[in-house]
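Keeping the supplied structure of chain A fixed, place chain E with the ligand upon it in accordance with the hints.
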Amino acid sequence: MEKENTHVHQVYDKIASHFSNTRYKPWPQVSKYLNALPKGSIGADIGCGNGKYFTCSPNIVIGSDRSVELIKIALRRSVSTYSDAFVCDMLNMPYRNASLDFAISIAAIHHISTQDRRVQAIKNILAVLAPHGTALLYVWAKEQTNKKIQPENPDDLDVMVPWTTPDGTTYSRYYHLYREGDINIEIKLAGGKLIESGYERDNHWAVITHAV
Amino acid sequence: MKLLTLNFVQCATRDCAGRQDAFPLAPQNVQLAAQETDLDPDFMANILAKIDWPGLETSLNQLGRPLTFTKEQVEQDQNLLKELHSILIETTIQEGELVCPRCSHIYHVKDGIASFLLPPHLV
Ligand SMILES: [Zn+2]
Numbered sequence: 001m002e003k004e005n006t007h008v009h010q011v012y013d014k015i016a017s018h019f020s021n022t023r024y025k026p027w028p029q030v031s032k033y034l035n036a037l038p039k040g041s042i043g044a045d046i047g048c049g050n051g052k053y054f055t056c057s058p059n060i061v062i063g064s065d066r067s068v069e070l071i072k073i074a075l076r077r078s079v080s081t082y083s084d085a086f087v088c089d090m091l092n093m094p095y096r097n098a099s100l101d102f103a104i105s106i107a108a109i110h111h112i113s114t115q116d117r118r119v120q121a122i123k124n125i126l127a128v129l130a131p132h133g134t135a136l137l138y139v140w141a142k143e144q145t146n147k148k149i150q151p152e153n154p155d156d157l158d159v160m161v162p163w164t165t166p167d168g169t170t171y172s173r174y175y176h177l178y179r180e181g182d183i184n185i186e187i188k189l190a191g192g193k194l195i196e197s198g199y200e201r202d203n204h205w206a207v208i209t210h211a212v
Numbered sequence: 001m002k003l004l005t006l007n008f009v010q011c012a013t014r015d016c017a018g019r020q021d022a023f024p025l026a027p028q029n030v031q032l033a034a035q036e037t038d039l040d041p042d043f044m045a046n047i048l049a050k051i052d053w054p055g056l057e058t059s060l061n062q063l064g065r066p067l068t069f070t071k072e073q074v075e076q077d078q079n080l081l082k083e084l085h086s087i088l089i090e091t092t093i094q095e096g097e098l099v100c101p102r103c104s105h106i107y108h109v110k111d112g113i114a115s116f117l118l119p120p121h122l123v
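Sequence order for the protein chains is A and E.
Sequential numbering from 1 applies to the first sequence in UniProt numbering.
Sequential numbering from 1 applies to the second sequence in UniProt numbering.
For reference, chain E alone in the conformation it holds in the complex:
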């Protein structure tokens, strides 16, 4: 799962669905991988407004890789788009857990695939 995707998912249990405090899911015991892909600067510039920046900062702190620039700086500096591309698009979670900050439910990532299927008592 790409780090970009982590910025677009939250806890899906009955009690947490739709709640802003059930985001972002905290990565735990994760193995990351990097896969090099081509940068399209215009494309990356267009997605800046769609990223949840506080969520991204939280996630990167939790991964021990704090963000070294702000949204405003990326808007001013094309070189930082490359860095953002490498974080959001090229970095994937291969193994590990994603923990809800609200209810502590744990979602598992195996072979790069996150599963959000829930046990019956949580739906």
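In isolation and in its complexed conformation, chain A is listed as follows:
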């Protein structure tokens, strides 16, 4: 938890504006998911960062992020009539239970450092979905080839990844890397059901719903 505080929460508040400048292109699979939802859907973007997915959704996106600096940027740059955002931790979310048609959580769960708490995060996402609701999750893949990301010990799944801001300061961010199938295990432990999954841009993705 201390690791997340120092190497996730504090880092994103410090690198928010530079990070945001590098995060503007939506990933195709995410756009596809958001645009296939029925008109008038209401959902959450959990770990929304600078809100880059607000504008490519034709529906209502209520974003949340642990970093207040990123939420400030998300609300400032948001040009979508229907988006909104607030600050919260994904392990203690205020979204009303069973109220949402959809949720996306893109590159966020992998910042949590224990499996118990990652499973809890997925449980929390399922809890806010209506019975018909689905969620799209993206997590960093162990299989990616970027050398900067590979741990010294090749079997290690927990890594520190550097981020250098234009003024030359380097911060390190904590990531848990997922091997193929790892996210499916956590989804099952959380009581979820896998609808569809795949690999895109160094990430494993999965669309999930309630296991009935």
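Be aware that a few hints might be false.
[What the hints assert, rightly or not] Quick list of simulated restraints, FRET-style, between CB atoms:
(1) Asn61(E) to Arg76(A): 29 to 37 Å
(2) Thr55(A) to Leu117(E): 38 to 46 Å
(3) Leu117(E) to Ala98(A): 18 to 26 Å
(4) Glu2(A) to Asn79(E): 52 to 60 Å
(5) Gln94(E) to Ala130(A): 27 to 35 Å
(6) Gln76(E) to Asp202(A): 46 to 54 Å
(7) Gln20(E) to Met160(A): 16 to 24 Å
(8) Ser86(E) to Pro38(A): 21 to 29 Å
(9) Asn5(A) to Leu48(E): 40 to 48 Å
Since the hints were made in silico from the structure, they are not lab data.
Ideal placement from N, C-alpha and C gives every residue a C-beta, glycine not left out.
Chain E with the ligand in isolation, oriented as in the chain A frame:
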């Protein structure tokens, strides 16, 4: 924070998470703002079923702006969609507090941003 969002959040403390009586959060000492946006009538019609209407009525009473129509009336009258749009989408809470009706925990809204981060003893 939009009034629409107020209708989709509840208290997140360990004791209140997931409990229906920890909703809606009561706005207190708030400053509201209005931001004009385009109305999409079909879109608004589609979200009617997703709103928690008793919660919305409570929130608007607490804000001193009681709702002047029912869900059934909006379904029958397109003009009321415009009014609902202006309440839910155009009206934002800029400053103030949101109080849990169950445990009285206070969440703060500053510069239009609500924070639901909790102190360690409440998670
Ligand atoms: Zn409470």
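So, going through the hints one by one against the coordinates:
no., hint, in the structure
1, Asn61(E) to Arg76(A): 29 to 37 Å, "holds (32 Å)"
2, Thr55(A) to Leu117(E): 38 to 46 Å, "violated (26 Å)"
3, Leu117(E) to Ala98(A): 18 to 26 Å, "holds (23 Å)"
4, Glu2(A) to Asn79(E): 52 to 60 Å, "holds (56 Å)"
5, Gln94(E) to Ala130(A): 27 to 35 Å, "holds (30 Å)"
6, Gln76(E) to Asp202(A): 46 to 54 Å, "holds (51 Å)"
7, Gln20(E) to Met160(A): 16 to 24 Å, "violated (42 Å)"
8, Ser86(E) to Pro38(A): 21 to 29 Å, "holds (24 Å)"
9, Asn5(A) to Leu48(E): 40 to 48 Å, "holds (42 Å)"
The earlier numbered hints that this structure contradicts are 2, 7.
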